[in-house]
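S.K.: Listed here are the chains, written in short residue letters.
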Amino acid sequence: MWNTLTSRKFALWALLALLLPLILSALLPSELTVSAQQWAALELERPAYFALASRLATPYLVKTPFFAAVSLILFLSTCACTVQRVLAGVRGKNSDFSREQSFSFARDLSLPLAMAGSRDRIAALLAGSRWRQECQGSGEKLVMTGEKGRSGFWGSIVFHVGLLGCFLAGPATYLTAVHGELVLTEGVPLSLREGVAAGRAGTAEFPEATVSVHDLRGVYFKGRFKSDFGGVLKVQDAKGGGDLPFEVNRPVEYQGLQFSLHQFGYAPRLVLQPAAGAPLDLYLNLRHPKEGDQFVLGEGVRALVLFFPDFIREGGKIGSRSEEPVNPVTMVRLYRGEQEIGKGLFKPGESAQLGGFRVSVPEYRRWVNLVVTRDAGVPFALFGFVVCVAGLLVRFLSNERLVEFELQRQGEGSLLRVRGYSRYYPAFLEKEVDALAEQLSKDGVP
Amino acid sequence: MTFWEEIFLWIAIAGYAGAFLVFLVGMVFRKERWPDRGVLVTVAGFASHTLAVAARWQATGHAPVMHTYENSLIGVWFLVLIYLGIRRYFPPAKLFGVVVTPFALLILGNGVMVGAELQPLEPAFRSNWLFIHVLFAWFCFGSYLLAFADGIMYLIKVRSPESGAGRLPDLKLLEELSLRLILFGFFSQAVMLGSGAIWAHSLWGRYWSWDPVETWALISWLVYGLNLHLRFTLGWSGKRGAWLAIVSLFSIIFLFFGFGHGSSVHTEMFSK
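Protein chains in written order, with the working numbering: chain Y, 1 to 446; chain H, 1 to 272.
Treat the hints with caution; some may be incorrect.
Sample of chain Y residues with no beta-carbon within 12 Å of chain H, all distances over it, derived [said to hold, decoys possible]:
1. M1
2. A48
3. V62
4. F75
5. R121
6. G137
7. N249
8. H262
9. I312
10. V326
11. E363
12. D375
13. R423
14. A427
15. F428
Partial list, derived from the structure: chain H residues whose beta carbon lies under 10 Å from chain Y [what the hints assert, rightly or not]:
16. R33
17. R37
18. V39
19. S48
20. A55
21. N110
22. P123
23. S195
24. W210
25. V223
26. S251
27. I253
I should point out that these hints are in silico values taken from the structure, not numbers from a laboratory.
All C-beta atoms, glycine included, are put in the ideal place defined by N, C-alpha and C.
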């Protein structure tokens, strides 16, 4: 088992087993790559393909036991290989360039210096360029070696340790992450637990508190381009309360929960007074500024509502000149079943009689969608990222290589063979061996 | 696009197109000095390209990192910068220009066709992590693309060493450059992924969500990781190494041109 896990070929197969399904899954459509309508149409028109995509497209594949198992095997393999290499490194076991895959290059030259003189000269040359050197043999034959770039080995180890951190972030997130969405209309307080639409974890993870948003701002450059969006989140709990200013890219934290501004829109207040009975009084958080939003109002009546921040009418066409609320107008269309029973355009404060209802739009406000999250996987991911990058940088900057000087007596002088080994960089090696040989032959000239 | 940006950009495009022709003629007709002239024309195009980037930056008030056109503009600038840097330290690599310049034209052309409207920096983009993310994204794309060019040249040279390809860089140098480029690209892509995750965490509240862009970024990183392991562990080099560099680029093409990106959150950073 240990031998399998420490086999680098096995690690490669495990990586391939993760990669291939991921590539195939990324080619399938999912709810993240097609619109809701296209997804629904796919289910109706191509049920077999839909069944495949809804199980094996990336967002679904990564939740399968298969993917978890392959990831676990890859994690264990990376772990085992790293431990084995660290042990070898700590024991000071050097690379055996003659046995492992590497490039080599040799130059022969005659030196006029005697063996001892040549040895001293080579030792000085290696020491001058900070090679780690060793010397073996004596008398007729001497082998001196110099090694450099060992930091690359440790860079690779550090990178793989970082990778393990990234691996751990996945399950940590899966097991601990809390995720929810909180839609708040400006000035309307809401219980955090009741207001948040939570994911898998449920709302029990959220503290008892009342939240509301104030001073919302949405600024557009030239009335068209998003420029500045933010506001203040007011939180009230048993300990008191506080104001937390937020904006896009500047989330706020409350009791370990992160609130990130995700969506922003207008919320006209619609009051529908039927001929008899209580009125409907709602802030409508509009999410589709171009197509309009549909709301079921009860008694078989539904409303299509569109908000024009800067209303303009040209001939028979209506629209908005800009995104800034310069001339806000709300369009309301009422339907009973499929039949339109009334429609009207309302400036803030205006009202009209539509299809048996007294309809008014007293004001408009803004609304925001805040993503509420807590995730214990973040520290693992951050640690993994920093360590991975540091390791890779060291690995990139290093160049593991060895030069071997084989000296033999030749009459009064000596015969030298300079052989270099490099794991990865043959051209650099050739230059370096040439330069060393050149230096030694220059020194040999009286 | 501003007046001066347009002028400089078209001069740059003309420069890259001219450089491509010069490199091509030099290779096909074995003109000894033409590759050096090709480099000179590329440098001229790059100078004009730099002015176009500066004009864009000045007009919008922010670094050109938003949407397709600006990414193409700055991305090609980095690509050519990396090419010129490599040529400076490894002079025989000047012939990489025959692959780099058409890619530069392709990416710039795609950017110009999508639209070059001047826009202020969106709130979602106002993060220091964005600049790290984009900078290293282009370092990685540039490096991988040059490794691809290197792989093609290696195969051409191996196939017909005595023909016009004889003037291509030495096989050992091509082999070494390929590995150095892929290692640098792999490092840059790690920075890109990490900084993107941190940025995503503050913007969307999660650091990873298997969004299509994220998925393809991870896939391409794993592909190049596999590429490096095949070289380091199994000792794949020579022709096999060259083929690895060529085939691996397809994962980057999928990532860049957005196959299946659809309604990725990367296309709508912060929705109103």
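S.K.: Could you check the structure against the hints above and give me the numbers of any it violates, in ascending order?
M.R.: Violated: hints 3, 7, 8, 12, 13, 14, 15, 16, 17, 18, 19, 20, 21 and 27.
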